[in-house]
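Starting from the known structure of chain B, fit chain E with the ligands onto it as the hints suggest.
For the record, the sequence lines run as chains B and E.
Everything in the first sequence is counted per UniProt numbering, starting at 1 for the first residue and increasing by one.
Everything in the second sequence is counted per UniProt numbering, starting at 1 for the first residue and increasing by one.
Just so you know, the hints here were simulated from the structure itself, not pulled from any lab data.
Be aware that one or more of the hints could be misleading.
Said to hold, decoys possible - From the derived model, a few chain E residues whose C-beta atoms are all more than 12 Å from chain B:
#1 10
#2 16
#3 26
#4 82
Stated by the list, open to error - Distance ranges between label pairs, derived from CB positions:
#5 E:33 - B:131: 38 to 44 Å
#6 E:168 - B:113: 17 to 23 Å
#7 B:133 - E:21: 54 to 60 Å
#8 B:19 - E:33: 31 to 37 Å
#9 B:22 - E:21: 47 to 53 Å
All residues carry an ideal CB built from backbone N, CA and C; glycine is no exception.
There are 2 protein chains.
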Amino acid sequence: MHPPTTPFAPTAPAAHPLASDLENMQHALAQARLGASEGGVPIGGALVDKEGKLLGVGRNKRVQEKSAILHGETDCLNNIGRLPASKYAGATIYTTLSPCTMCSGAVVLFGISRVVMGENSTFVGGEDFLKSRGVEVVNLDLVECKQLMKDFIDKYPEIWNEDIGEEDT
Amino acid sequence: MHPPTTPFAPTAPAAHPLASDLENMQHALAQARLGASEGGVPIGGALVDKEGKLLGVGRNKRVQEKSAILHGETDCLNNIGRLPASKYAGATIYTTLSPCTMCSGAVVLFGISRVVMGENSTFVGGEDFLKSRGVEVVNLDLVECKQLMKDFIDKYPEIWNEDIGEEDT
Ligand SMILES: [Ca+2]
Ligand SMILES: [Ca+2]
Ligand SMILES: [Zn+2]
Ligand SMILES: [Zn+2]
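Bound conformation, chain B alone (with noise of 0.2 Å):
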């Protein structure tokens, strides 16, 4: 397995999750799925507002699109578009993956209020950042999150180091 790339402290699991994340991570596994099935890589996002609505859902498009930029997290924001600031506040975003620098600084841009990780195991992004910045982090360390990371990184290993801005080793 990759080994964290950050000097970051992980996020404990959740020693009791809410149901509602439970249910609501299934539609950001949803699209890892997805992603894992276009040969992409398997990591989906989906934001939820404070209401529980769900707002979207995203997935990493490096392979589809040849995006640097599209993750789980941000394709999810691309795709619900433009919102004014009152539709983040008290919003939650999944992410089937810890969010990245750059999504973690996405998420403290637009004020979203909670950030609930699949898993943090494979790679640890900008979870202390967030909590700096008084965002909620969860982290529900789901089993097929880490299932759905392994496969692809054993597979295509330069493609997972690519995408967090690693050198091959």
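Structure of chain E with the ligands alone, referenced to chain B:
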């Protein structure tokens, strides 16, 4: 003028800017002007590699493409497409305005070595985060970049607030 929205310390204007930085900023500035002519948020970006070769340019496309994530820097990185980590190392990203937390996070993710901004009087983004991660940050403090933003914000304050995740006041 819109006040800086983060508590971060703005980078002081460079006392002795490099001629190459002033020259390369013209690529970003041309994009910002093109964005203004399209009715868009007038912020442009350009990526120049360690040999001084222009890799690509981009501009904020919130208005033009109804995109929440295409800023000058991210649109530039997206237009360039997939690159190995070695191409970002030593590269400089030029942006007409201080990079927001999302774009700063993208710079850190990909290991871009330098950020040169046109100004940070209008807005202060993730400059401190960049420096804390070893990125060189330069502020050219250019009046033409400030004027483009002033003209836009005077005309469309609500679009600018939306772009930086702020409520209209
Ligand atoms: Ca790197
Ligand atoms: Ca805000
Ligand atoms: Zn990301
Ligand atoms: Zn930005």
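Q: Could you tell me which of the hints above the structure violates, numbers in ascending order?
A: Of the numbered hints, 4, 7 and 8 do not hold.
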